[in-house]
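Colleague: What follows is the residue order along each chain.
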Amino acid sequence: MTDNELIWRIAGGSGDGIDSTSQNFAKALMRSGLHVFTHRHYPSRIRGGHTYVEVRAKDEQVQSRGDGYNFLLALGDSFARNPQDEAYYGKEELKPLYENFDDLREGGVLLYDEGLLDEEDVDEIELEEHAEENGWHVVPMDLRGIAKEHGREIMRNTAGIGATAAILDIGTEEFEELIEQNMSGDMQEANLNVLQDAYEAASELDIDHDIDVPSGSHDEEQVILSGSNAISYGALDEGCRFISGYPMTPWTDVFTIMSQHLPEFGGISEQVEDEIAAAALALGASHMGVKSMSGSSGGGFALMSEPLGLAEMTETPIVLVEAMRAGPSTGMPTKPEQADLEHVLYTSQGDSARVVFAPANIRECYTQTRAAFRIAYEYQIPAIVVYDQKIQGELRNMPASHFDEQANSDPGSVLTEEEIAEAAHHSSGKFQRFLHEPEDGSNVSPRSVPGQKDGRYLATGNEHNPSGHISEDPENRIAQMERRLNKLDDIRADLDENASHQTYYGPEDAEHGVLVWGSQQDTAFEAVDRLNENGHSVKALGVSDMMPYPVEEVSEWLDSVDQVLVVEMNATAQFRGLTQKEIGKYGDKMSSLLKYNGNPFEPAEIVDGFESSINGEELAATNMKYLPAAGD
Amino acid sequence: MSAFSAIGDDREIDRDEFTPGIEPQATWCPGCGDFGVLKALKQAMPEVGRNPDEVALFTGIGCSGKLNSYFNSYGFHTIHGRSLPVARAAKLANPDVEVIAAGGDGDGYGIGGNHLIHTARENHDMTYIVFNNEIFGLTKGQTSPTSPKGHKSKTQPHGSAKSPIRPLSQSLNAGATYIARTAAVNPNQAKEIIAEAIEHDGFAHIDFLTQCPTWNKDAKHYVPYTDVQQSDEFDFDLSDRAEAAEMMRKTEERLYEGEVLTGRMYVEDERPSYGAEKRAIGEMPEEPLAERYFDEDAEWERTYDNLLEHHK
Chain Z
1 MTDNELIWRI AGGSGDGIDS TSQNFAKALM RSGLHVFTHR HYPSRIRGGH TYVEVRAKDE
61 QVQSRGDGYN FLLALGDSFA RNPQDEAYYG KEELKPLYEN FDDLREGGVL LYDEGLLDEE
121 DVDEIELEEH AEENGWHVVP MDLRGIAKEH GREIMRNTAG IGATAAILDI GTEEFEELIE
181 QNMSGDMQEA NLNVLQDAYE AASELDIDHD IDVPSGSHDE EQVILSGSNA ISYGALDEGC
241 RFISGYPMTP WTDVFTIMSQ HLPEFGGISE QVEDEIAAAA LALGASHMGV KSMSGSSGGG
301 FALMSEPLGL AEMTETPIVL VEAMRAGPST GMPTKPEQAD LEHVLYTSQG DSARVVFAPA
361 NIRECYTQTR AAFRIAYEYQ IPAIVVYDQK IQGELRNMPA SHFDEQANSD PGSVLTEEEI
421 AEAAHHSSGK FQRFLHEPED GSNVSPRSVP GQKDGRYLAT GNEHNPSGHI SEDPENRIAQ
481 MERRLNKLDD IRADLDENAS HQTYYGPEDA EHGVLVWGSQ QDTAFEAVDR LNENGHSVKA
541 LGVSDMMPYP VEEVSEWLDS VDQVLVVEMN ATAQFRGLTQ KEIGKYGDKM SSLLKYNGNP
601 FEPAEIVDGF ESSINGEELA ATNMKYLPAA GD
Chain X
1 MSAFSAIGDD REIDRDEFTP GIEPQATWCP GCGDFGVLKA LKQAMPEVGR NPDEVALFTG
61 IGCSGKLNSY FNSYGFHTIH GRSLPVARAA KLANPDVEVI AAGGDGDGYG IGGNHLIHTA
121 RENHDMTYIV FNNEIFGLTK GQTSPTSPKG HKSKTQPHGS AKSPIRPLSQ SLNAGATYIA
181 RTAAVNPNQA KEIIAEAIEH DGFAHIDFLT QCPTWNKDAK HYVPYTDVQQ SDEFDFDLSD
241 RAEAAEMMRK TEERLYEGEV LTGRMYVEDE RPSYGAEKRA IGEMPEEPLA ERYFDEDAEW
301 ERTYDNLLEH HK
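Same order as they appear, the protein sequences are chains Z and X. With full-length UniProt numbering applied, the first sequence corresponds to residues 1 to 632, in that order. With full-length UniProt numbering applied, the second sequence corresponds to residues 1 to 312, in that order.
Simulated from the structure, these hints should not be mistaken for lab results. If you're wondering where the values come from, they're calculated on a predicted model, not measured in any experiment. Certain hints may be false.
If you only want the chain Z side, here are some residues facing chain X, beta carbon under 10 Å, derived [unchecked claim]:
| # | residue |
| --- | --- |
| 1 | Gly185 |
| 2 | Gln188 |
| 3 | Ala190 |
| 4 | Ala285 |
| 5 | Val290 |
| 6 | Glu405 |
| 7 | Ala407 |
With beta-carbon atoms standing in for the labels, derived distance ranges [claimed, not checked]:
| # | chain 1 | residue 1 | chain 2 | residue 2 | range |
| --- | --- | --- | --- | --- | --- |
| 8 | Z | Glu552 | X | Gly113 | 27 to 37 Å |
| 9 | X | Thr19 | Z | Gly587 | 55 to 65 Å |
| 10 | X | Lys152 | Z | Ala493 | 53 to 63 Å |
Incomplete in silico selection of chain Z near chain X, CB under 8 Å [what the hints assert, rightly or not]:
| # | residue |
| --- | --- |
| 11 | Arg105 |
| 12 | Gly266 |
| 13 | Val272 |
Cβ coordinates follow ideal geometry from the N, Cα and C atoms, glycine included.
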């Protein structure tokens with residue numbers, strides 16, 4: 001276990017304010033100079049049901065959720081009691097307490113709200129026994145009572161924060177400031193009082209524990225935000241002014257954030273009847289020259305495959321976001337998985353070309369969404385940003401300066417009327433929208449938009465000739481197909497030159513490798529650090545470009561290591577399969593560590609998995625799967 | 001020069017401008033009613049004073065989707081049943097462009113039925129022409145949502161057990177503000193209705209009866225027809241929902257009894273279009289969004305400080 005870190009877990013019922021409380025807690029720690037990272041776990045249920053959020057804080061950049069945790073604030077589930085008695089709820093109010101026993105580290109602190117949980121019930125779950133076994137410091141406090149004294153039960157979250165601050169000896173200053181910023185009037189005053197009362201009550205308890213909360217300071221101003229925030233801000237900065245969508249977890253987050261901000265930016269948001277319509281609207285706006293996006297999660301994205309193909313055939317730029325959750329079908333709506341990779345790469349009929357980026361963390365969510373828009377509008381091709389439920393909801397701090405303030409209003413490959421007037425014309429005066437060989441030698445034939453003088457053309461999902469008319473002429477077919485498909489090579493070259501999205505980690509001359517993509521990247525990097533501390537020689541490569549695939553970069557890296565463990569959150573090793581397909585060799589070097597139980601990897605699991613694979617042992621853990629190398 | 005100088009010129013428009021310079025290969029059968037739609041649409045354009053560059057025509061898949069090939073304007077031949085959602089966003093992105101959508105009865109009332117309900121509900125400012133020949137033509141004669149009950153086809157050899165959809169009543173219920181039925185056999189009425197629909201500020205749905213000489217020989221029953229506006233028998237208030245609903249019920253019933261009633265069925269001028277509603281509540285900019293990308297003076301600096309402040 002790593003020392004000098006706090007991993008604070010707040011657990012309660014869905015709808016109890018666990019999320020907002022944890023956000024404030026993380027923000028307060030960040031303001032005090034620490035680096036923070038949050039991990040969310042929630043059920044597919046609106047009110048009630050066990051949910052928790054972890055906040056990990058260190059004095060250096062935090063890469064992942066870490067392993068286990070050392071402080072539990074168990075609030076109980078206030079929605080557990082069923083007034084109608086129509087369905088069985090069991091002892092659900094206790095779940096936030098006993099369902100979190102597994103990962104609480106030895107010597108950890110367990111603070112629970114005895115105001116909500118009956119003493120006999122707590123006895124039943126043999127808390128004392130567990131505590132003794134693990135050296136836990138159990139602190140029952142009547143948080144609900146403290147909150148009620150000042151008016152409202154719901155403020156027991158604030159009481160929990162006050163008590164936490166006292167037990168960890170971190171003071172209440174930052175929390176007070178946040179309450180003052182976020183609330184006003186009576187609510188502000190009541191919450192400040194609750195915070196203070198709980199702080200004082202907990203201070204008197206004098207609990208002796210070993211958790212050493214680090215202290216630190218930041219060189220520059222920090223912000224704390226989620227992957228969904230970062231994708232949205234990336235889109236806004238790159239000139240996206242139209243979004244259309246249909247709600248689906250976890251995509252809804254980006255859709256919500258964009259809908260809230262687009263009007264301030266002079267843009268338009270549309271919630272529509274289904275995902276086919278959503279993608280079709282984005283195409284319609286883009287056809288008119290407005291940078292547009294849509295998105296969904298697995299099942300909703302499946303509906304978008306036809307408009308996606310239309311975007312490819314008509315060369316209408318569009319950016320789609322695919323927020324993965326566990327599948328197949330409706331799967332597990334609130335649990336992460338990386339199992340839609342093949343879906344986003346290959347969905348839609350015909351030989352199709354699209355760009356797929358898989359950001360690995362919140363920082364990349366911003367930069368790669370910007371790249372997706374730039375590429376889509378320069379090359380007239382659909383671009384997909386695929387990420388998952390894990391990055392969607394987790395919060396992480398980073399320098400505010402990371403959010404480059406340069407907004408990009410460039411319309412991409414749209415001509416002005418002057419340029420249309422100068423462009424190559426058909427004998428009939430028709431604008432040549434889909435030239436076989438664009439004049440600048442690229443594969444991009446510049447476009448016009450409706451309303452422009454003499455720019456008329458037909459955009460059609462049928463194969464078409466240069467002026468857009470439907471054509472089944474074999475020679476035209478070859479010319480158009482090749483020009484569309486060859487854009488991927490141009491884009492590969494563009495990315496190599498301007499924005500390589502692959503991340504190299506660890507000692508260059510390491511013997512072994514960990515290959516990883518998307519949300520599991522930074523966790524794997526933390527595991528690589530530990531493996532090297534354990535005396536192994538390991539480096540890692542995080543790949544973020546899925547299509548076009550960075551064949552050269554990955555080949556060279558694979559060439560430089562003996563054995564590679566590919567880490568991903570699905571059951572069928574989709575990314576390893578993609579790598580093998582694209583590179584066509586090194587299949588005998590790559591084995592897989594897979595996890596698909598609904599929870600992302602913890603660094604220790606990757607360490608264990610790696611060591612087992614190196615030693616040729618079977619995996620001890622039953623929540624993961626090892627898939628040996630398959631050959632080329 | 002403005003970014004969209006084709007928009008709003010006041011020169012005289014000639015219907016021939018809407019004929020493509022190069023004739024596309026004909027894919028409509030000789031005698032197809034779709035030619036009637038094309039002709040009426042071309043004739044309506046000079047009446048509304050729109051030139052080819054300021055018109056965007058969105059079609060679905062099927063014979064109706066070929067309309068783009070014969071009509072010279074900006075065109076987007078989309079996917080089966082999806083012309084409306086593509087067209088809707090186009091109108092929001094640039095309200096100055098005249099947006100017209102077209103589909104067939106399978107395309108518009110079958111696979112795209114959901115979109116019709118929602119486009120009508122939202123009252124987007126556009127014209128939607130559905131080529132209704134009661135048959136799937138391009139896929140060679142299957143039963144469509146408007147085929148009569150008992151209609152026999154290769155896919156329903158025992159005769160369809162389904163009653164036909166009632167497109168006019170459905171649009172009225174959904175919220176369309178201009179609803180009419182016309183027929184390819186009456187070019188004058190068709191032209192007038194299309195021109196009116198284009199000028200209508202809101203969602204205009206035209207159920208356009210066409211004949212399919214290849215797959216639906218019964219199409220001949222569209223002749224003769226009765227213009228409800230010219231007949232004393234059907235004196236009803238076009239702007240009264242209840243009277244319009246009753247008229248549509250009659251129209252839709254009698255169609256399958258062999259009497260074709262055409263004309264304007266419902267016209268509501270009071271309700272603002274969706275774009276106007278969206279602008280009124282601050283969800284849509286006053287100026288066309290598409291203009292901003294060409295406007296060098298447009299303010300692209302974001303209010304980012306405000307956004308990030310929340311995260312500090």
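Colleague: Hey, does the Gln188 (chain Z) contact hint survive, CB to chain X under 10 Å?
Modeller: 18 Å, violated
Colleague: Identify whether the interface hint at Gly266 (chain Z) stands, where standing means a beta carbon of chain X within less than 8 Å of its own.
Modeller: Cβ of Gly266 (chain Z) sits 5 Å from chain X, so the hint holds.
Colleague: If I claimed the Cβ atoms of Glu552 (chain Z) and Gly113 (chain X) lie 27 to 37 Å apart, would that claim hold in this structure?
Modeller: 49 Å, violated
Colleague: Given Val272 (chain Z) as an interface hint, is its Cβ closer than 8 Å to any Cβ of chain X?
Modeller: 7 Å, holds
Colleague: Per the CB criterion, is Ala285 (chain Z) less than 10 Å away from chain X?
Modeller: 4 Å, holds
Colleague: Can the hint on Ala190 (chain Z) be confirmed by a CB-to-CB distance to chain X that is less than 10 Å?
Modeller: With a closest approach of 23 Å, the Ala190 (chain Z) hint is violated.
Colleague: Classify the hint on Gly185 (chain Z) as holds or violated, based on whether any CB of chain X lies nearer than 10 Å to its CB.
Modeller: 21 Å, violated
Colleague: Does Ala407 (chain Z) pass the interface hint, meaning its C-beta sits closer than 10 Å to a C-beta of chain X?
Modeller: 4 Å, holds
Colleague: If I claimed the Cβ atoms of Lys152 (chain X) and Ala493 (chain Z) lie 53 to 63 Å apart, would that claim hold in this structure?
Modeller: 59 Å, holds
Colleague: Hint says 55 to 65 Å; check whether the CB-CB distance for Thr19 (chain X) and Gly587 (chain Z) agrees.
Modeller: At 59 Å between Cβs, range holds.
Colleague: Take the shortest C-beta to C-beta distance between Val290 (chain Z) and chain X; is it under 10 Å?
Modeller: 4 Å, holds
Colleague: At a threshold of 8 Å, is the proposed contact between Arg105 (chain Z) and chain X supported by beta-carbon distances?
Modeller: Violated, because the Cβ-Cβ distance from Arg105 (chain Z) to chain X comes to roughly 30 Å (cut-off 8 Å).
Of the numbered hints listed earlier, those contradicted by the structure are 1, 2, 3, 8, 11.
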